[in-house]
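Protein chains in written order, with the working numbering: chain A, 1 to 438; chain B, 439 to 735; chain C, 736 to 1136.
Wrong hints could be hidden among the right ones.
Said to hold, decoys possible - Derived DSSO-like pairs (lysine-lysine); straight-line CA-CA distance at most 27 Å:
1. Lys-885/C with Lys-411/A
2. Lys-74/A with Lys-21/A
3. Lys-544/B with Lys-567/B
4. Lys-872/C with Lys-956/C
5. Lys-872/C with Lys-885/C
6. Lys-21/A with Lys-956/C
7. Lys-859/C with Lys-411/A
8. Lys-21/A with Lys-411/A
9. Lys-956/C with Lys-74/A
10. Lys-45/A with Lys-21/A
11. Lys-859/C with Lys-872/C
12. Lys-956/C with Lys-946/C
13. Lys-885/C with Lys-74/A
14. Lys-248/A with Lys-21/A
15. Lys-295/A with Lys-316/A
Stated by the list, open to error - Over 10 Å on every C-beta distance to chain A, these chain C residues come out as not near it, computed from the model:
16. Ser-854
17. Asn-894
18. Leu-933
19. Met-942
20. Gln-1007
21. Ile-1068
22. Gln-1100
23. Pro-1121
If you're looking for bench data, these hints aren't it; they were derived computationally from the structure. Note that beta-carbon positions come from the ideal geometry of N, C-alpha and C, so glycine has one too.
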Amino acid sequence: MALTMFGLLASPVQAADITIKVRVQNQVKDEATGKSTKEPIAGVKVVVTGADGVVVAEGVTDDTGLAAIVVPAKADYTVTLDESTLPDGFVLADGESERAVTEDNFVTDSVTLNFFTGNAERTSIGYWSQLAQRLADGARFGLILAMCAVGLSLIFGTTGLTNFAHGELVTFAALIAFVLNNERGWSLLVAAPLAIVAGGMFGLVTNEAVYAPLRRRQIGLISQMVVSVGIAIILKNVYLAYFGGRVKAYAAFNRQTCTELGPVCVTPRDLTTAAISLLLLVLVGVALQKTRIGKATRAVSDNSELASSTGIDSQKIIRIVWFVGGMLAATGGIFRGLDEGVSPFLGANLLFLMFAGITLGGLGSAFGALVGSFLIGLFVEASTLGMPIMPGADWPAPFDWLHDGVPSELKAAPVYVVMIIVLLVRPQGILGRRERVG
Amino acid sequence: MDAEPLTVNGSADLSEVARVARGALEGVPATPGAGKPDPIMTAVGVRRSFGGIVAVDVDRVEIQRGSITALIGPNGAGKTTFFNLMTGFDAPDTGAWSFNGTSLEKVAAHRTAAMGMVRTFQLTKSLTKMSVIENMKLGATGQRGEKWWNGVLPFRWRAQETAIEARADELLARFSLDHMRDEYAGTLSGGQRKLLEMSRALMTNPQLVMLDEPMAGVNPALKQSLNKHIRGLRDEGMTVLFVEHDMDMVHDLSDWVIVMAEGRIIAEGTPDQISSNTAVIDAYLGTNQGKSLLEDM
Amino acid sequence: MLAAFSDMNWQLIATATLTAVFGVDAMYFAIAAIGLNVQFGYAGLLNFGQAGFMACGAYAIGMTAHYWNISFWWGIPMAIGYATVFGLIMGIPTLRLRSDYLAIVTIALAELLRLIVRSVTFKKYFNGSDGINGFGKTFTEETPFNPSGKYSLWPFDQNANLFGRVMLLLIFSVASVMVGRMIADRLRGPREKLRVILPVVIFALVMLGAKQTEYGGLGFKSLIVGWLVVFVIGALIYMLMRSPWGRVIKGIREDEEAVRSLGKNIYSYKLQALILGGAIATFGGMMFSLSRGSVQPDNYSRDTTFFVLTALVLGGLAKVTGSIVGPMLYWGISQFISVFLFELTQAWGGRVEIFGVPLITSSSQIGAWVQGLLGLMLVLLMVFRPQGLFGNRKEMALDGR
Ligand SMILES: Nc1ncnc2c1ncn2[C@@H]1O[C@H](COP(=O)(O)OP(=O)(O)OP(=O)(O)O)[C@@H](O)[C@H]1O
Ligand SMILES: [Mg+2]
């Protein structure tokens, strides 16, 4: 199904110039309504220097405040805004006229940098509101991650399989929704639910076609895990063959201005996805606690033999888990795609964070996965924000990086450190139970 | 010991060692937690709970050196858990226990084996993809070739290996497994696996052998020969602690019986004293064993 | 449509395939696979971070040039040191727990290592995403081979000297006898005859294959040295696994509680196996970077680990021969598929369609197809032939009992 769907829609991949786009805007906040508006500033000079300090290219912003500067290759550059070319009375909001661009920033062929100007004392965002913003973003990411991870955890709980192809399950629906939205021109409001159901079906098919037969043949869990690795490789490459390696944005909902909600600024889209995620997760939680199937699922996770002997059809439960887990992963994938763009690696890049969340919460516990992944999402976003103690006093030498926070290219690092500490101190995780010994 | 006849229960057939062991236990009162003249293992206040279930809650128990002690009790009484706790495979919530006077708290499972205390498992653990003789050789302790830097220097362990192999062959012959020597352990029958596991444990040269249901699933003829082997161990100076549900076997084999129910030691005594103990019969009543116990004794 | 097959350059396909069978990729994969075999095949440890260990080796060598400015020989002890530290970080928290944890932590930490070496933050040490280039010149330059010449593994190649000829013939015949006998022992039928016939057949095939190979003179020395390293490490592991140490390791794979009850410190043995396998893998990373004089962080992504695993499973777990022949076949197959698809795309006018479904519309998709098919191979192997080519069917049959 995946094959034909993508096959029909495969688009030729064209080469484009590699550009750094610099946008310079003046940010004005209306104190009465609390809304902020942005106006472009034209005629600002921007210089791009290479890693060796030699000027590579220059550009001047146009009427839309944009300067598109073509660079020879995806590499590391420094982009400097010439402050003397700013109109009189305008200053850079954060005072930083230099920005670093790394090769990794070129996920597509272009990188966009935003410079904001404004009245210095108003727009330099305070530490606490920055923190609030990060936490809000982190909470949203945490919810998405939790949705992706619940399925992984339930599958592990009921079948014992650590599914290394779960990331590809997340990607699947995001790609389907992309194809329907961008290439078929369907509304995302139609495409997304369809893709979510497709994601659930995909999970179900994976179980029926691969893992259920393996379980029947009594193939060991380690072998099943290796099979899931193989499936991850296959899927990733099928996606890659038809979709190309670039990150692409959904046609729908991708230009929204944020509204201020207390200290934070969120777009209506983000608010909606967060609300839906929260709602779905609460539903899952309630279903696990209250419904017959939910209780049966937990029983199978606890002890599948015992559950079978009490008349629960554990294979049916496993099918339901794959379907529901697939749908949740699909939803998470589409929401993530709205945030960060869609690529064949979308889900695979989340897999480690899901694992970390599940480990933190307790392997095999669905609630643990939920809580753990949420915390991990929060933590990832927050860790890149520094912790300046106070003006004048700061962290002593080995901890000076705490001032600026973890560089965003390494924002996964603290997560892994947390994961290892959890395994050392409390291997059963926050909500997991201690292993049966002997 | 080889000449020992297969008949059971008659004290006339007892070996010298056995007579000494029974003699030593004669003066011991038949009360739970009774002190023994020469305990090889002592456990005090050992408690282990899983969630709400208290699996083991032993106030005091001592095992007499050189004796064969049976540990009996209904299913779920906590016998296996007790074995796990004593051998370091599980950690108790509270409690102290010692082997040969050395405290075993905080001693890792693999160290207890090196100290001379070896256990077998209720569900046999044979290393199926290794040959029977490899299984046996794995049991020997203090092998130089088990250090990785010696591994590629055969001259450093060849001589020791030959000696170990000879000892393994001897044990295999004794347990009538010699014809299976080079087969994969996975091809053995259930009973043969029990035998293999026991003889493999003996490769560690233990002082105390703890056998968890060594005769479960073993046919009667083989049971008799196992019975003989276990006595042989005692006659060689080893102490044996074993778990068993078959009361005939317990009665035939043991010098002393300890009864567990719901995690506690509820009775101790010689086999004869236990078979007339009402607390024991109460503990078994209501379970399947209850009836058979009454019939057996 | 079928006519297009005859337009394809079969000579090129054969040369590319056979060159890959004995090539640098197969060589460094073989080293990494021997290491992974110690961990996964023998000890049952699911290490999904082998690429991280390989990166330890590659960067140990790279850093001697980029950061320390010392002879690359220092890279060897450093690599082993890094592998030990890396193995300890991975193993200490996880080896007491269920095997899933090891898989999760190793894959995560290997990925973290890659993020660190390619980061701008640590550019001073590892030179970021550019990697480290142009080192190991002393190694490549002191070579008996003409840098611009073409070499093959054909013993009667005009470029070969007497020593090379004798060595190649010797190695080929020994390897043919080993592999041939091993296959014969796995087959039903007239074993005694097969034990003679198969080595001869394999020798003939190897000689025919070697004649097709073609390597540039610049990397030829690293190729030869690399295969020598494969041979030495393989022999050492073969011996180690027949020692009492190997017995404990194999016992742990079967049932660690049983081994523990016999007085072995299984935690320590598992750490040893993890670190030993990792230290071996560093040689893979070292030989690979020496052969190109370059270290690229993205060569050590998780896909690398997965493909080493695929190659190992192809050869057969817990067999030294399997871990060497597996990577050779893996790269042969991989190269065959990719050159075949490339030629096919050319012959069919830049587009491959089956039943109207466009499978390949641009040659940039071929890489993805090759990897996808190799992933499929891993799945099929695990399901239908978990013992790989050299594994023991008898051992596998014991699983069900
Ligand atoms: N790891 C564990 N987690 C939870 N409960 C456990 C665990 N181990 C043992 N138990 C419980 O502790 C109790 C004692 O179990 P144990 O295996 O020690 O019994 P036993 O006396 O060996 O029984 P049997 O004669 O059937 O072998 C049982 O109720 C069992 O369910
Ligand atoms: Mg028991």
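Hints and how they fare:
1. Lys-885/C with Lys-411/A: Violated, at roughly 47 Å.
2. Lys-74/A with Lys-21/A: 13 Å, holds
3. Lys-544/B with Lys-567/B: Not OK: Lys-544/B and Lys-567/B at ~33 Å, beyond 27 Å, violated.
4. Lys-872/C with Lys-956/C: Judged against 27 Å, a Cα distance of about 12 Å means the pair holds.
5. Lys-872/C with Lys-885/C: 20 Å, holds
6. Lys-21/A with Lys-956/C: 47 Å, violated
7. Lys-859/C with Lys-411/A: The given pair, whose Cα atoms are some 19 Å apart, holds under the 27 Å limit.
8. Lys-21/A with Lys-411/A: 24 Å, holds
9. Lys-956/C with Lys-74/A: Not OK: Lys-956/C and Lys-74/A at ~33 Å, beyond 27 Å, violated.
10. Lys-45/A with Lys-21/A: OK: Lys-45/A and Lys-21/A at ~12 Å, within 27 Å.
11. Lys-859/C with Lys-872/C: 22 Å, holds
12. Lys-956/C with Lys-946/C: It holds: about 18 Å lies between the C-alpha atoms, which stays within 27 Å.
13. Lys-885/C with Lys-74/A: Status violated; Cα separation ~34 Å.
14. Lys-248/A with Lys-21/A: 17 Å, holds
15. Lys-295/A with Lys-316/A: 13 Å, holds
16. Ser-854: 5 Å, violated
17. Asn-894: Given a closest Cβ separation of 38 Å, the condition holds.
18. Leu-933: 29 Å, holds
19. Met-942: 34 Å, holds
20. Gln-1007: 20 Å, holds
21. Ile-1068: For Ile-1068/C, whose nearest Cβ neighbour in chain A is about 14 Å away, the distance exceeds 10 Å, so it holds.
22. Gln-1100: Violated, since 5 Å does not exceed 10 Å.
23. Pro-1121: 6 Å, violated
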